[in-house]
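**Q** Using the hints, build the complex out of the two chains.
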Amino acid sequence: SQQGEEDPQALSIQEGENATMNCSYKTSINNLQWYRQNSGRGLVHLILIRSNEREKHSGRLRVTLDTSKKSSSLLITASRAADTASYFCAPLGGGSNYKLTFGKGTLLTVNP
Amino acid sequence: ETGVTQTPRHLVMGMTNKKSLKCEQHLGHNAMYWYKQSAKKPLELMFVYNFKEQTENNSVPSRFSPECPNSSHLFLHLHTLQPEDSALYLCASSQRRPTEQYFGPGTRLTVT
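Just so you know, the sequences run in chain order A and D. Residue numbers are given in our numbering: position 95 of the first sequence equals residue 466, and the series is strictly consecutive. Residue numbers are given in our numbering: position 28 of the second sequence equals residue 122, and the series is strictly consecutive.
Careful: at least some of the hints might be erroneous.
Which stretches of chain D does chain A cover? Using the computed rule of at least three CB atoms under 8 Å from a CB of chain A, they are [claimed, not checked]: (1) 127-139; (2) 182-193; (3) 198-206.
One side of the interface only, derived from the structure: several residues of chain A facing chain D at Cβ under 7 Å [said to hold, decoys possible]: (4) Gln-404; (5) Leu-419; (6) Tyr-469; (7) Phe-473.
The set of hints was computed from the structure by calculation and includes no laboratory data. Quick reminder that beta carbons are idealized off the backbone N, C-alpha and C, glycines included.
So that you can see chain D by itself, here it is in the shape it has in the complex (with noise of 0.2 Å):
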């Protein structure tokens, strides 16, 4: 779990605040990936950067947008959330698309 790390681990916020997650990779992996985990739900695949370009979005409401600075980083900006939004965010990176991928431990959001 070292490769990928996340910050906040835990994440407690209100339906008109601002927040960001962050993740980095210290595995030199070029593609990275936001996944959202609800409560007895598949994991769902928000969004995929390949090489910094953002290659996929999964049809993700506008109140996340995520920033993919360097191959290393990736943010997911978080405002105006509901509380359905409340779930584990667990970040993910693979050295190309259709190799392994490794995920970090995950925030666990609760917007109240």
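Only chain A is shown next, with the shape it has when bound in the complex (with noise of 0.2 Å):
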């Protein structure tokens, strides 16, 4: 399966602090995506790193692949009680499987 699998399923930080969250992935990738999902709601897309990169940043947010261990982070910076949520990496199949698949996802807690 390529389904991406986040680690750790639950973080919990003080505000101002930085979270880090991780994904392992099985096969072969077009893309590595990350989207948010607050409780009950549609995800959010936040970025979107190709297979031939290594690093990408968008605002507080940098995330890195490394496609030799098949693993991807995203690092949030001074985080906020706005950035509690749960995180979502899915890897885009390569070839022409263009599936996205996801995992259970990192619960981030932002305390104020």
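**A** This is the structure we're talking about:
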């Protein structure tokens, strides 16, 4: 299965701290995407990193990709209470297999 | 979230009812998706439409029947559902298959 597996399953930090979430996957990818979901609502796309990229930034987000280890990480710097949500990594299959699969996510709680 | 809308937002139906979920995207995208999100389970891809043609049916029971009359609209017709079909149903769209997906707010379905 191409499904991404996030680690840890849950993370609780204080406002202002950095949060790091990791993702592992099993086969070749076209790209890897990170999404955020607030409780009971739709997912919001955060960032897409292509298989030939190693690092990407967007505001307070930093994503890394290591295709040799089949892993990715999402770093949120200077976290805010509003960052409280579930975060999902979604590898998109390589070749013509454009299936985006999601894991169970990391539940991030940022305490004020 | 306003780029992809879903109606209704909440739906309660009996096992013998027939109902439909509607999704509309205002982003000019060419691909549309239905996902199912059950408690404690990863987001599951159900159907994919690319340029109005169904390109993927992820072994979904026939009591779920999708319809895509044009690139902007996607329906999910429901009949004789089971209580285990209760879940959050999410619609998404993307410009092309490998690009980031934009999700609607979801329909919370309860089957009684």
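**Q** Give a verdict on every hint.
**A** Taking the hints in turn, this is what the structure says about them:
1. With a threshold of 8 Å between beta carbons, the proposed coverage of the region 127-139 of chain D by chain A holds, since 5 of its residues qualify and at least three are required.
2. Beta-carbon proximity to chain A at under 8 Å applies to 6 residues in the region 182-193 of chain D; the threshold of 3 is reached and the given coverage holds.
3. Here's how the region 198-206 of chain D fares: 4 of its residues keep a CB closer than 8 Å to some CB of chain A, so the rule of at least three is met and the hint holds.
4. With 7 Å as the threshold, the beta carbon of Gln-404 (chain A) comes within range of chain D, its nearest partner Cβ sitting at about 6 Å, so the hint holds.
5. Look at Leu-419 (chain A): its Cβ gets to within about 5 Å of chain D, closer than 7 Å, so that hint holds up.
6. Satisfaction of the interface hint for Tyr-469 (chain A) is found here, the shortest Cβ-Cβ separation to chain D being roughly 4 Å, below the 7 Å cut-off.
7. Nearest Cβ of chain D to the Cβ of Phe-473 (chain A): about 4 Å, under the 7 Å cut. The hint holds.
Comparing the model with each earlier hint shows no violations; every hint is respected.
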